[in-house]
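Protein chains in written order, with my numbering: chain E, 1 to 251; chain L, 1001 to 1189.
FYI, nobody ran anything at the bench for these hints, they're computed from the structure. Treat the hints loosely; a few may be bogus.
Unchecked claim - In the DSS-like style, the derived pairs of lysine-lysine whose C-alpha atoms are separated by at most 30 Å in a straight line are:
1) Lys1098(L) x Lys46(E)
2) Lys38(E) x Lys23(E)
3) Lys15(E) x Lys1098(L)
4) Lys1103(L) x Lys38(E)
5) Lys46(E) x Lys23(E)
6) Lys23(E) x Lys212(E)
7) Lys15(E) x Lys212(E)
8) Lys38(E) x Lys212(E)
Stated by the list, open to error - Partial list, computed: chain L residues near chain E (C-beta under 10 Å):
9) Leu1004
10) Phe1066
11) Leu1102
12) Pro1104
13) Asp1175
14) Gln1179
15) Leu1189
From the three backbone atoms N, C-alpha and C, an ideal C-beta is built for every residue, glycine too.
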Amino acid sequence: MSVSDQGLIVPDAGKFDLPEYVKPRRGNHPPLDSPAYKSTGLRHPKQPLVLLPHRLTEVTGPLLGDGLISMQDADLTTQHAGEPQGQRIIVFGQVRDSGGRPVPDTLVEIWQTNAAGRYRHAREHHPAPLDPNFDGVGRAITDSGGRYRFITIQPGSYPWGNHYNAWRPAHIHFSLYGRAFTQRVVTQMYFPGDPLLPLDPIYNSVPDDQAKTRMIAEFSIDDTQPEWALAYRFDIVLRGRSQSVFEEPHA
Amino acid sequence: MSELLTPSQTVGPYFSMRLPWPEGPYVVAADRPGAVTIYGRLIDGAGDPIPDGLIETWQADPAGRFAHPDDPRGPVPDGDLGFRGFGRCATGHDGTWKIVTLKPGPLPFGDGRTEAPHLDVSVFSRGMLDRSVTRIYFPDEDEANAADPVLQTVPAARRHTLIARPAEDGYLRFDIRMQGDDETVFFDL
Chain E
1 MSVSDQGLIV PDAGKFDLPE YVKPRRGNHP PLDSPAYKST GLRHPKQPLV LLPHRLTEVT
61 GPLLGDGLIS MQDADLTTQH AGEPQGQRII VFGQVRDSGG RPVPDTLVEI WQTNAAGRYR
121 HAREHHPAPL DPNFDGVGRA ITDSGGRYRF ITIQPGSYPW GNHYNAWRPA HIHFSLYGRA
181 FTQRVVTQMY FPGDPLLPLD PIYNSVPDDQ AKTRMIAEFS IDDTQPEWAL AYRFDIVLRG
241 RSQSVFEEPH A
Chain L
1001 MSELLTPSQT VGPYFSMRLP WPEGPYVVAA DRPGAVTIYG RLIDGAGDPI PDGLIETWQA
1061 DPAGRFAHPD DPRGPVPDGD LGFRGFGRCA TGHDGTWKIV TLKPGPLPFG DGRTEAPHLD
1121 VSVFSRGMLD RSVTRIYFPD EDEANAADPV LQTVPAARRH TLIARPAEDG YLRFDIRMQG
1181 DDETVFFDL
């Protein structure tokens, strides 16, 4: 390594070290072939995966920032002229990596049903009412401490065609980028005590029971807004860097 | 000691409520000099199109650099600041998707070798509990592809599934087959 006029570290002869991201523990993520969730059958790779080393394309990623969103994107209850039906809730938490470091400035996107369990989507046919005052979509950027906060409505359960009398537990879909291609994750947030959880093949596709509970938000009486809204904490843990590599914290 | 990760779950059938945005497929405007359109179909194990899929791409700029703090070569020089490198496109009813972008440059691998120009790709859909990761390489890079340290680890008989094909109008075609005879190579990231 040498240092350029601008004070940048310039690798010599194309040789340099990059951070390595830890492999998820076995059973942390669901197997792509999960027969209880029938649609996985024709949509999972059957050939062995090829190991992809973490090089420049993998340790970088889109830093999708402020330009994309406004304050209103994080409040799903004020996107229309009137207020949506249902129980108002605050959903908040911290995005951090598996080494405990907060992940700042990262895009968090959510989508969900309305209070009646109906998505606003052309292919959705569940005969529950749409709510003219609720789209069920939100966006936020984490702050310097990795924190995000949405105001929304308690989503409903809905039937689906996986098996006879199948119902999804209430959930909110979350999509995150982190700061590297390796950290990208799409998940679902569930609610504590939901009687449908033990019956749901998507929730139960995660083999590790402890990992599974990472998807259940925690009710927080301390964070409710008295006379106004209940609150749920949902912390999200992305892949961290392996400890062997020396690293500077993100500025 | 590292913490358990938040597990992945499927995007489900209704992600298009939120995730796509109008300029998503346009990493650059279609009329930008050097813009290339990469398109293809996302196909399931029965040979049927996957109409509720989402394709995301991530890549270096034409100089092979990233505007990102973990690129050890430092900030991207001025001219390329407008290049985001990220594309996102939902599949249509016939499973087709497209990305309009600039061809990335070759990249140093870090050990003195060079990676051929490529895009990293994430594939999501209903029925996929986690993303599947693949790469798009370019058909006019025979020499660079042959020397690419990642392609070299792919069984020779399957490498062609990672290389886009020239198509009409100067487009490039890249079909993604989840299963079957020409199953696309997917990576363990």
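How the hints compare with the structure:
1. Lys1098(L) x Lys46(E): Roughly 25 Å separates the two Cα atoms, so the pair holds.
2. Lys38(E) x Lys23(E): holds (27 Å)
3. Lys15(E) x Lys1098(L): violated (34 Å)
4. Lys1103(L) x Lys38(E): Status violated; Cα separation ~38 Å.
5. Lys46(E) x Lys23(E): holds (21 Å)
6. Lys23(E) x Lys212(E): Holds: Lys23(E) and Lys212(E) sit about 17 Å apart, inside 30 Å.
7. Lys15(E) x Lys212(E): Since the Cα atoms of Lys15(E) and Lys212(E) sit roughly 40 Å apart, the hinted pair is violated (cutoff 30 Å).
8. Lys38(E) x Lys212(E): holds (20 Å)
9. Leu1004: Holds, because the Cβ-Cβ distance from Leu1004(L) to chain E comes to roughly 5 Å (cut-off 10 Å).
10. Phe1066: holds (4 Å)
11. Leu1102: Since the shortest Cβ distance to chain E is 15 Å, the answer is violated.
12. Pro1104: holds (8 Å)
13. Asp1175: The hint is violated - Asp1175(L) has no Cβ within 10 Å of chain E, the shortest such distance being about 14 Å.
14. Gln1179: holds (5 Å)
15. Leu1189: Leu1189(L) check passes; min Cβ-Cβ to chain E is 5 Å, inside 10 Å.
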